[in-house]
Amino acid sequence: MSEYPQQPGKLIKWFDPRHRSLGSWAFILNRVTGLGLTLYLFLHLIMLGQLAKGPDAYDGFIALVKNPVFLVGELLVIAAALIHGLNGIRVGLTSFGIGNSKQKQLFIILMSLAAVAIIYFAFRMFAH
Amino acid sequence: MHDGFDVKSRMGESAGAWFFKVASGGLIILVLFIHLVINHLIVEGGLLKYADVVKYYQTWIVPFMEVFFLIFVVSHSLIGLRSVLLDLHPSNQVLRWLNRGLVVIGCAAIIYGTWLVFVIVGRG
Amino acid sequence: MVDLWHVTFEVFRQKDNQKSHFNFFELDINPDEYVLDGIERIWAFTDRTLVFSHACHHSTCGACGMLVNGVEKLTCITSIRDVTRDGGKIRIEPLRNFPIISDLSVDMSSLYSRMEAVGHQPILPIQEEDSKGKVKSEGDLLRLADCIECGLCISACPIALTTSNYIGPAVLAGAQQHGELTPCILELVNSENGAWRCHSAYECTEVCPSNVDPAWRIMELRRKIIANRFSSFFTRK
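Protein chains in written order, with the working numbering: chain A, 1429 to 1556; chain B, 272 to 395; chain C, 265 to 501.
These are computed hints drawn from the structure, not numbers from a lab. Treat the hints loosely; a few may be bogus.
[To be verified] So the derived list for chain C, only partly shown, Cβ under 7 angstroms to chain B, looks like this:
#1 T313
#2 I423
#3 E456
Virtual Cβ for every residue (Gly too), placed ideally from N, Cα, C.
The following block holds chain A by itself, in its conformation from the complex (with noise of 0.2 angstroms):
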């Protein structure tokens, strides 16, 4: 008999929603996310670091981030907390037996209210 599989390897199809449901897609999208909002958390308290070197030193680093490169960063940042979030909300809820069987309707009412936010909030940073 062949031993049971252990297969690490293939992490990378987590990540490909190919023949899979919406609830992939949750899945996806939350461990992409994740990752990427916990590399910022890392950059973000590095960058704070500014303000400790004084009013000149932030002032000229926010410059510096006000460029159109930052700005799109920016709200990838904000799109993906908003996303993170609110499907947080969808996992909390369905974890203590709240919807469960609605868990694809709130998944999609959860991420239109993301993508609503995620469009006014890229209105307001591009539109100065």
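Mind docking chains B and C on chain A? Use the hints.
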């Protein structure tokens, strides 16, 4: 592994870690919402000037809120990262080092962030 | 006379640990027949070396689970019409996350021993288990449990994909159905490889052919474990 079972006792995912992840997630949503409202809606143009940031931190509740937020965000993100790594089934030895590494990174981030909050409050 | 459909079966082949490949078989088949009928016909008339598992042909034994066009299906109840069109193809692969014995047949012994370990009861008194916990009394009548141990949920689960130590949706659902959290069951389900491994992708419930709703049962089980942990924390001497 024998007959499909693996119940080696090790510090893997547990009821406590999972519960903390869900509970801290809820708290983060709450505080982040307040943070977004203040930074992007109430304060015109956001808290982008050094002077504005220092002024913002003079309100007594803000430093408390930020340190509280920092602790929960750092813990939530590192426990979440650990869940992802656990899905790759690290060996006991790798997991031991992983646990130590994550605790050190988490504590360092929290201490550094708290220090930063005190520095900014002190500049007021 | 029924119009036959011309369908190409694209069948996964692998013997021992040799490299896998696909064989193509052209069949003229009644679209209201089932995918398993097509596979049996290939075996009967074209290729006697094709290995696949099947038994009851009416979705009770759980032996004929396979990937049909990438999705987990019980092939004995999946009609040709539902998965392809006239002139189309059907791609048949073995279930994921189990070791392949040969071609389309996989080794599910770990699932069976895990089910036994969590005390899953294949036959239940009717009053004890109605769908979704509604209690009804029907005298001494017995029924088969919903779970037919087909393994589709474990094949579909993204977490079972990387670590086979995860005991999987069917087993966690079995533990929830068992009711009582004995120390042995608790040790299995309240562990790194138990209920906490689930990340709410709901693929198990999506592919379950038998109304078990494993995802719902995993969430139920978690609440039960949390309640158990809380009460044992406060009653600890």
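| query | What are the numbers of the hints the structure violates, in ascending order? | reply | 1
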